[in-house]
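The opening residue of the sequence shown carries number 1 in our numbering; numbering runs sequentially from there.
Do not take every clue at face value.
Straight-line alpha carbon distances no greater than 30 Å define the calculated DSSO-like cross-link-like pairs of lysine-lysine that follow [what the hints assert, rightly or not]:
no., residue 1, residue 2
1, K87, K290
2, K225, K163
3, K241, K132
4, K157, K225
5, K278, K163
Hints in this document: simulated from the structure, not taken from any laboratory.
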Amino acid sequence: MSMPRKQQRAMIMQCFRLMMSSGVLRTPAVDPEQLTRSWLSPQPQTTPAPAPHPSVSPWLRRTVVGMIAFLTLSLFSVSMAHAVRVKDVATIEGVRENQLIGYGLVVGLDRTGDQVIGGQFTIQAMMSMLNKMGINLVIDPIQLLTRNIASVMVTAKLPPFVKPGMTLDAVVSSMANAKSLQGGTLLSTPLKAPNQQVFAVAQGPVSIGGFLGGTGGAGGATVTKNHQAAGVVPAGAIVEKEVAVDIDTWDTVSVLLRHPDFTTAIRTAEAIDGTFGKGTAVPVNAGMVKTTLPSAFHGRVVEYIATMEGLDVSVDVAAKVVVNERTGTVVLGEHVRLSTCAISHGNLTISVKNTLNVSQPPAPLIGSTQGQTTVTPDVQTEVAEQESRLIVVDQTVTLGEVVRALNAVGVTPRDLVAILSALRAAGALQANLEIV
1 MSMPRKQQRA MIMQCFRLMM SSGVLRTPAV DPEQLTRSWL SPQPQTTPAP
51 APHPSVSPWL RRTVVGMIAF LTLSLFSVSM AHAVRVKDVA TIEGVRENQL
101 IGYGLVVGLD RTGDQVIGGQ FTIQAMMSML NKMGINLVID PIQLLTRNIA
151 SVMVTAKLPP FVKPGMTLDA VVSSMANAKS LQGGTLLSTP LKAPNQQVFA
201 VAQGPVSIGG FLGGTGGAGG ATVTKNHQAA GVVPAGAIVE KEVAVDIDTW
251 DTVSVLLRHP DFTTAIRTAE AIDGTFGKGT AVPVNAGMVK TTLPSAFHGR
301 VVEYIATMEG LDVSVDVAAK VVVNERTGTV VLGEHVRLST CAISHGNLTI
351 SVKNTLNVSQ PPAPLIGSTQ GQTTVTPDVQ TEVAEQESRL IVVDQTVTLG
401 EVVRALNAVG VTPRDLVAIL SALRAAGALQ ANLEIV
């Protein structure tokens with residue numbers, strides 16, 4: 001289907017204006033409107049087409065055609081800029097992970113394990129394990145705690161559709177006062193679900209991704225890299241039992257959005273209906289879209305889910321500002337807006353320095369009273385207030401203008417917590433403020 005002639009004329013005229021305003025094309029010898037009309041006017045088939053105007057070179061024609069193609073591709077790319085796959089923003093109801101947990105022992109530590117004080121349950125676990133292995137020791141249990149053993153909690157995630165014999169990564173975390181799990185080996189540890197059924201067994205060397213070096217102790221120095229009290233046993237948990245998920249019998253498939261939003265739910269349902277037919281998907285609420293399995297996909301639920309997860313959907317998110325004051329991290333969403341307001345922020349710094357001076361009296365003379373040594377505090381207080389200025393922020397339309405407006409005041413990320421809270425209280429921050 002060809003583009004209407006009126007729309008073609010308008011698009012070519014817009015290209016001329018853009019090229020002339022940017023300096024790419026100088027003012028032509030003829031009027032652009034007249035030139036455009038001559039290009040688009042139909043020519044008789046019996047007579048040869050008139051030669052183009054001398055000022056219209058082949059380069060100019062190619063440039064105009066390129067501009068039209070560029071504008072068309074730009075409009076298409078803008079419309080698809082925020083399109084993502086369904087699988088990236090949603091999950092399938094009934095297809096999820098399960099948490100596993102277990103208690104175990106890590107052995108082979110270089111005197112960095114649990115100590116006597118605080119490691120009593122480590123001794124009991126060691127004695128119980130030895131008794132199960134047929135080793136009955138008649139000694140003081142305290143003698144078993146040689147600081148080469150550590151009590152740990154072992155956790156793992158059981159993905160859906162795993163089969164017995166497949167392996168999982170196990171996370172090992174110290175329970176007592178072990179200094180480091182470097183070089184340790186996790187002994188066989190059953191991993192249970194909340195229903196107390198064993199689904200996997202973990203065992204293997206612990207990797208902590210760092211090290212602990214040095215002598216330590218009084219007068220010693222230590223060098224530590226990364227966290228030492230936790231580690232991972234890569235592929236160290238073997239699945240013993242699967243969680244059955246029979247999707248071949250499903251008649252309906254529900255899509256769960258990771259970030260519930262009414263607009264995104266509607267758009268997801270429209271994308272599914274556009275592929276499988278109207279009425280296939282029904283948005284139940286902001287977080288769920290319920291779909292009915294089409295008749296053509298009965299017995300082929302996996303193929304239906306794979307096709308549905310590959311559909312593109314335009315995601316809409318609410319305006320939100322997330323602030324972490326501990327780390328000074330500030331994340332602003334795309335739709336954050338500021339209403340017209342005035343911002344002024346000043347820092348008041350109070351520094352208190354306390355120095356203890358020792359007053360030592362001279363040696364007493366014969367027959368005089370002996371003086372006493374006293375400690376006198378010397379407190380110095382300094383107050384410094386940073387100069388602040390008032391800045392007026394007009395109503396912004398982009399995230400970049402919000403950032404530039406806040407940077408213009410000269411604030412740090414930690415100061416943004418107070419500023420953003422005040423803006424929300426004043427009604428000038430058109431977004432949800434979340435402090436983590």
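* Asked: Broken hints, numbered, in rising order?
  -> 2, 5
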